[in-house]
Each structure stands twice: as structure tokens, then as C-alpha cells.
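Trainee: Given next are the chains, with one letter for each unit.
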Amino acid sequence: MATVEVAFTPLPAHVRTARLIATAVARRSGVDESVLDEVRLAVGEACSRAVEAHRVYCPQQPIRVALTGDGERFEVVVTDAAPAVEPVPAGAAGTASDTVIDGLAVIAGLADDVRIGAAGPGTSIAMSWKQRIPPA
Amino acid sequence: MATVEVAFTPLPAHVRTARLIATAVARRSGVDESVLDEVRLAVGEACSRAVEAHRVYCPQQPIRVALTGDGERFEVVVTDAAPAVEPVPAGAAGTASDTVIDGLAVIAGLADDVRIGAAGPGTSIAMSWKQRIPPA
Amino acid sequence: MDLKLGHYDKDGIEVVDVEGEIDVYTAPRLRELLIDLVNKKNYQLVVNMEKVEFLDSTGLGVLVGGLKRVRAHDGSLDLVCTQERILKIFRITGLTKVFGIHNSVDEAIAERKADK
Amino acid sequence: MDLKLGHYDKDGIEVVDVEGEIDVYTAPRLRELLIDLVNKKNYQLVVNMEKVEFLDSTGLGVLVGGLKRVRAHDGSLDLVCTQERILKIFRITGLTKVFGIHNSVDEAIAERKADK
Ligand SMILES: Nc1ncnc2c1ncn2[C@@H]1O[C@H](COP(=O)(O)OP(=O)(O)O)[C@@H](O)[C@H]1O
Ligand SMILES: Nc1ncnc2c1ncn2[C@@H]1O[C@H](COP(=O)(O)OP(=O)(O)O)[C@@H](O)[C@H]1O
Chain Z
910 MATVEVAFTP
920 LPAHVRTARL
930 IATAVARRSG
940 VDESVLDEVR
950 LAVGEACSRA
960 VEAHRVYCPQ
970 QPIRVALTGD
980 GERFEVVVTD
990 AAPAVEPVPA
1000 GAAGTASDTV
1010 IDGLAVIAGL
1020 ADDVRIGAAG
1030 PGTSIAMSWK
1040 QRIPPA
Chain R
910 MATVEVAFTP
920 LPAHVRTARL
930 IATAVARRSG
940 VDESVLDEVR
950 LAVGEACSRA
960 VEAHRVYCPQ
970 QPIRVALTGD
980 GERFEVVVTD
990 AAPAVEPVPA
1000 GAAGTASDTV
1010 IDGLAVIAGL
1020 ADDVRIGAAG
1030 PGTSIAMSWK
1040 QRIPPA
Chain P
704 MDLKLGHYDK
714 DGIEVVDVEG
724 EIDVYTAPRL
734 RELLIDLVNK
744 KNYQLVVNME
754 KVEFLDSTGL
764 GVLVGGLKRV
774 RAHDGSLDLV
784 CTQERILKIF
794 RITGLTKVFG
804 IHNSVDEAIA
814 ERKADK
Chain F
704 MDLKLGHYDK
714 DGIEVVDVEG
724 EIDVYTAPRL
734 RELLIDLVNK
744 KNYQLVVNME
754 KVEFLDSTGL
764 GVLVGGLKRV
774 RAHDGSLDLV
784 CTQERILKIF
794 RITGLTKVFG
804 IHNSVDEAIA
814 ERKADK
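As they're listed, the protein sequences go chains Z, R, P and F. In short: position in the first sequence from 1, add 909, done, that's this note's numbering. In short: position in the second sequence from 1, add 909, done, that's this note's numbering. In short: position in the third sequence from 1, add 703, done, that's this note's numbering. In short: position in the fourth sequence from 1, add 703, done, that's this note's numbering.
If you are wondering where the hints come from, they were derived from the structure by calculation, not from laboratory data. Here the structure is a predicted model, which means the values were calculated and not measured. Take these hints with a grain of salt, some might be off.
As the list claims (entries may be wrong) - Heads up, simulated DSBU-like pairs for lysine-lysine below, C-alpha to C-alpha not over 30 Å straight-line:
#1 Lys1039(Z) x Lys791(F)
#2 Lys791(F) x Lys713(F)
#3 Lys754(P) x Lys754(F)
Just chain Z, with the same shape it has in the complex:
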């Protein structure tokens, strides 16, 4: 069982809530302070992707985030329900004429381990970090 699970509607403002939750749960799970910024950014990237995809394909469906700290690894799984396997087309969520920076590349550069898998109609991104100190 995950330590904390969160489900939220696809609104950009909730990406911030998800970042806040991930940082708080990571801190209380004993994740090192120096790693918290990475967790915050990576979870934000994964949730931003999910929010953009849901806004295009399934705005009524919630995005799910599961956070687990087992003392050795801290893992966050972000699961969307968007049927698209391809990335959301540039500009789909109002980014017209901006360069689309690949959020997955950012996540890959931050987490110790990243796994991407199919989850029902959607996609799950599992990110994990080694824990350096035991949970409080």
C-alpha cells in the first residue's frame, strides 16, 4: 500500500498542490533535504504532463499520485487516464509558439530511476530516489 495517495482534477493550480504534497511526504519519509528539490520538480513535471493530457482528452477524470517511502527508496507514481500514447501536440494546452521542452527528459535527469508503463487507458510514470536517512 502506498503511504499517501492523491487524486485531483486536471487544473494547473493542482500541480502546485501535488508538488507541495510530494515535498511534504518525502520530507516526512526521511528523504534528504538536498533531494527534496528534485522530487518537487520531477513530480511537478509528471503532473504538468498529465494535466495537459487530461485537459485535451479527459477533463472529467482525476490524475492519481501515489507516494511510498519504504525506508530504502522513496517512490512516486503519477498515473494519467488519457488514451493518447503520443505526447500531447505542442500548442494543445495554449503553448502556441513556445518551444516544448520535454518534461520526461527533465524527470530522467532528476530521479534515480524512472519507469514508464501503460496503466489502463493511460500512462504511469514511476520515479524513485534512494533514501539517505531513515524515516522519522
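Position chains R, P and F with the ligands relative to chain Z; hints supplied.
Mentor: Just chains R, P and F with the ligands, lined up with the frame of chain Z:
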């Protein structure tokens, strides 16, 4: 559909996470700053009760919190899965020789409206506040 | 975590400084300190709550428990608190009538001395 | 919300002060400001990121978009950033090679003037 839903294992540390989430979601839903303290305290009381009950009766089950801001009311529903209808006996969670202060009385003194209902084997506490400013 | 406790003697009264959040997670540490002080025969306590950021019913229960313990030795437990958001929970639970609540540590000590 | 934007002219270069979080929620406001400045024929920009607390790929995309817009007018978009946690995301995405990143607004302006 609730705006944000959270499920967490019954550990006292997660009561803090739940308080943090409730405050953040309430703020982003447009709940007035002066009311945020009430939301934080009331949600903390409801989650503390649920954590103590789960630790006694069902430590493996998660506690569920649903937060909804519809622009008129901000509602938080805390649902436990503990089969006990009676309050957890004093001292059950290590409060031996402390006076048990009734958390429900605190919640009733804070929220604009409180409803308590059966939810499967457990109990749900629905607390709501009038929203004074529209969501951002 | 997120709760700092300190204590010192002032004019024969033990002042307990509490800083941070007193909730279901941290209240056990405050309970232990109060029990420890009573075991060491400190029966006149002033709990300074000026730096408390959060207090819930578990924390209140620990304070009432401390009050009962010192009263069993004819002692006292006074509070220092001027923060409206903390005072509110004392009012909701009717505990403003149970505790002496003061504006400063000096005032709490002076009134306790005058009471004797 | 949680993003403050300001801008001023210094020696013919438009300096944009950004404070707070640039993410999927606030990035549209930064995009609008950059587009607005370019529409008003400001093609030499310095974005001061010293007070940025958070930057994600959406925010980076807006900065790259701004860079493309000023370059279309032979302009420039330089950044001021010394915070390691913000620099990290520029490195991860390879964008340290794309932007001129400076230690202060004065340094950014001086180097841009010297470049001419
Ligand atoms: N996802 C990306 N990651 C890293 N650098 C990028 C990315 N997208 C664009 N850039 C860089 O930003 C600069 C401007 O974008 P560019 O690729 O020239 O746009 P275009 O191809 O539309 O002209 C280029 O130098 C490019 O290397
Ligand atoms: N839940 C409560 N709400 C408000 N006041 C309380 C509560 N429990 C105890 N008190 C007050 O705390 C004080 C000490 O507790 P008390 O009820 O005397 O304990 P006991 O009954 O075990 O002697 C009393 O003055 C009582 O009024």
C-alpha cells in the same frame, strides 16, 4: 467529483500532511485567509480521531480525505474505516492519564456546518465553510 | 520534530518554553516533559505558549493532564498566551475557565506569587 | 498568483524582474509579458531570475519561446541566475548552451553592450 482526494496510512505524521494539503487546497479554492486556520485545525482534529481509531482497529486501512471547493462552499469529508461506532477509549493510543478533549466538539466550534454519517464499516465527518471570495 | 521544548527555573517556578506545533504527533514529548518535571518535584509550572504555531485537542489534553498532575500536589499550571488563534481553541473547549492565561511569563509568575 | 513580474529600461535594454514560481500555472503570464515587450519593439531583453523560487519545463519553454521571438528581430534574451537549483534544470535540458547566463543584471548588460 471532489477537487482533491487523499488516502493515507494511519500514522500521526500524516495528520500533518493532511493539514497541509487541506490548507493548500482551501487557499487555492478561494477560502478566505481568516478561515484557513479553522480549516487546518478542524481537518487535523478529524484526521487525528481517524488515525487513533485505525491504529486500534484497522492499522492496514487508509484514511480518506476528500476536498471540494465549488465556489460557494468549501467542504472536507474525512472517512475512516474503523468498525467502532463508540469513541476510541481514552488511553487507547497512549493518552493514558491525559484528559481526552472531544475533537468533535472542536470541529463543531470551527466549521460552519458539520455532518457525521456512517460510511461502510466506518464513519465520515463532513465539514464545510462558506466561501467568501471566488476561486482563483 | 517541529516542536522545541525548553525549561528553566525563575523565582522557584519552572517555566516551560514551547515552540512549534503541539499535535497528535508531538504531544507525547510535551507529556513526557511535564511528567518528568512533576516527578522531579516541580509543582509550580508556567507553560509559555507564545511561540506555539499550532495546538489541537491532543495538545490540550496533555496540558489538562499536566494540570491534574500538579494539582494532585497542590501545585499550579499557568499558561502564557496572547495569540488569538491559539486562544480560540481554549474558548471553544471551555478551557479558558480551567487555566490561568496570562500575557507574559513575568505576569504569570507575579500573579502566582500574589496568590500564595 | 505566486509570480511577480516587473520590467524597466536600463541603458536601452529592457530588464524583466521575475519573482516566485514559473510553472504550468503562471508561465502564461510571463509569455504574455515577453510577447508584449517584443510587440513594443523591445528586442534586447535581460530576464533577472535571482528571485525565482521554482522553474519547470513549461517555464523553460516560455523562455526559449521569448528567445526565438527576439532573435527573429536580431535581438537577444539574456538571463541572470546564480541559484544552483535553478541552474540545474538549464543544465539537464542542455539550455545552458542556448542562453547567456550571467551573475548580475549589470554584468548581463555590460557583456551585451560589448558584444555589439
Ligand atoms: N527541448 C529542448 N531542449 C534543449 N534545447 C532546446 C530545446 N528546444 C529548443 N532548444 C534550443 O533552443 C534554441 C532555439 O530553438 P530552435 O531549436 O532554434 O527553434 P527552431 O528549431 O524552431 O528554430 C535552439 O538553439 C535549440 O537548440
Ligand atoms: N473535555 C473537556 N472540556 C473542557 N474542560 C474539561 C474537559 N475535561 C476536563 N476539563 C476540565 O479540566 C479540569 C480538570 O479535569 P477534571 O474534570 O477535574 O478531571 P477529573 O474529573 O478526572 O478530576 C476540570 O476543571 C474540568 O472542568
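Trainee: State for each hint whether it applies.
Mentor: Here's how the hints hold up against the structure:
As the CA atoms of lysine 1039(Z) and lysine 791(F) are separated by approximately 19 Å, the hinted pair is consistent with the 30 Å bound. Among the hinted pairs, lysine 791(F) with lysine 713(F) is consistent with the structure: their alpha-carbon atoms are about 28 Å apart, no more than 30 Å. As the CA atoms of lysine 754(P) and lysine 754(F) are separated by approximately 29 Å, the hinted pair is consistent with the 30 Å bound.
Hint compliance for this structure: no hint is broken.
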